[in-house]
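> Chain order of the listed sequences is A and B. Position one of the first sequence corresponds to residue 1 (the working numbering), numbered consecutively onward. Position one of the second sequence corresponds to residue 1 (the working numbering), numbered consecutively onward.
Don't read these hints as lab results, they were simulated from the structure. Bear in mind the structure is a predicted one, so any value in this text is a computation, not a measurement. Be a bit skeptical, because a hint or two may be false.
Listed below are the simulated EDC-like cross-link pairs for lysine to aspartate or glutamate, each with C-alpha atoms no more than 20 Å apart in a straight line [as the list claims (entries may be wrong)]:
#1 Lys-23/B x Asp-159/B
#2 Lys-157/B x Glu-80/A
#3 Lys-103/B x Asp-22/B
#4 Lys-158/B x Asp-119/A
#5 Lys-71/A x Asp-59/A
#6 Lys-158/A x Asp-119/B
2 protein chains.
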Amino acid sequence: MTPYLIISEIKKLLGGVDGWLDKAVAYATAKKFDPNTLLTARLAPDMFPLARQIQATCDQAKYAAARVAGKEVPAHADTELTIDELRKRVASVLEFLGTFTAKDFEGTDERSVTTPRWDGKSLTATNYLLEHAMPNFFFHLMATYSILRHNGVDVGKKDFLGALSWRQ
Amino acid sequence: MTPYLIISEIKKLLGGVDGWLDKAVAYATAKKFDPNTLLTARLAPDMFPLARQIQATCDQAKYAAARVAGKEVPAHADTELTIDELRKRVASVLEFLGTFTAKDFEGTDERSVTTPRWDGKSLTATNYLLEHAMPNFFFHLMATYSILRHNGVDVGKKDFLGALSWRQ
Numbered sequence: 001m002t003p004y005l006i007i008s009e010i011k012k013l014l015g016g017v018d019g020w021l022d023k024a025v026a027y028a029t030a031k032k033f034d035p036n037t038l039l040t041a042r043l044a045p046d047m048f049p050l051a052r053q054i055q056a057t058c059d060q061a062k063y064a065a066a067r068v069a070g071k072e073v074p075a076h077a078d079t080e081l082t083i084d085e086l087r088k089r090v091a092s093v094l095e096f097l098g099t100f101t102a103k104d105f106e107g108t109d110e111r112s113v114t115t116p117r118w119d120g121k122s123l124t125a126t127n128y129l130l131e132h133a134m135p136n137f138f139f140h141l142m143a144t145y146s147i148l149r150h151n152g153v154d155v156g157k158k159d160f161l162g163a164l165s166w167r168q
Numbered sequence: 001m002t003p004y005l006i007i008s009e010i011k012k013l014l015g016g017v018d019g020w021l022d023k024a025v026a027y028a029t030a031k032k033f034d035p036n037t038l039l040t041a042r043l044a045p046d047m048f049p050l051a052r053q054i055q056a057t058c059d060q061a062k063y064a065a066a067r068v069a070g071k072e073v074p075a076h077a078d079t080e081l082t083i084d085e086l087r088k089r090v091a092s093v094l095e096f097l098g099t100f101t102a103k104d105f106e107g108t109d110e111r112s113v114t115t116p117r118w119d120g121k122s123l124t125a126t127n128y129l130l131e132h133a134m135p136n137f138f139f140h141l142m143a144t145y146s147i148l149r150h151n152g153v154d155v156g157k158k159d160f161l162g163a164l165s166w167r168q
């Protein structure tokens, strides 16, 4: 179990969001409403709406890969207003994650990670991935899934988990 | 990043649920309703209610530790009807997770894991943890959190992440 394996799993799970959005569009089409209406839906008034949950899922994925590998985090402007634009955001982060190799994630027990919000405190890159980036990624990924499901979109556990690496 | 570290993180996150239930009880008391009312709340009619989400979170945690280590999975009867009973379920799984050491998780790339639902197929223990147990744990953990939040309980991201291992 290497950090690279975890980043690869995050990449697979983020890729699944594209299929969830297919189902959201199909559901909206069948029900004759604009699928972008879903983007303002929230689970609670003080939680992010769907659009921001998808942006945050993308952000946690790119933070995980870039910070754990000690590379620069690419900027995204958070200007997406449609499902099509959010799909491009997802695709952009998937492409970024695809540029990493196992070698990029060596030495994570020694490397330090900090963020602008941490007042100079830091975690090892290993602990950043384990205790912060990964749980945060799942938090926003599952919030995305739950908002869709709560609004009637036909996503299920298999759409969440994606394909499994069965032994031959 | 070892399987043991991931199991330790799962243990920490599961332990956080106890604090969420404190907040749920405080909220119910302030609003003068029976906190156990929350246990039947769902995010969608075809999703598990809160009680079953907590049971499933506990189950994924015990499956992760036991199956990845190649040990027997302790049985739980899923009979909890109150928050107090669910707290005991959480405590029981935390105690079980506390019995494992790093040594229990050696050889996970060679060990096979299967479940009764998989028609004889199997994953390596590493891939079972990475692709199945861990995402499933987060799925039910975050569904638990979301049901509480959706119903007005004052849980936040810090309650979800728990304490971080800051570098000294």
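> Does each hint fit the structure? Answer for all of them.
Here's how the hints hold up against the structure:
1. Lys-23/B x Asp-159/B: Holds, at about 10 Å.
2. Lys-157/B x Glu-80/A: Between Lys-157/B and Glu-80/A the Cα gap is close to 24 Å, so the pair fails against 20 Å, i.e. violated.
3. Lys-103/B x Asp-22/B: violated (34 Å)
4. Lys-158/B x Asp-119/A: holds (16 Å)
5. Lys-71/A x Asp-59/A: holds (14 Å)
6. Lys-158/A x Asp-119/B: Status holds; Cα separation ~16 Å.
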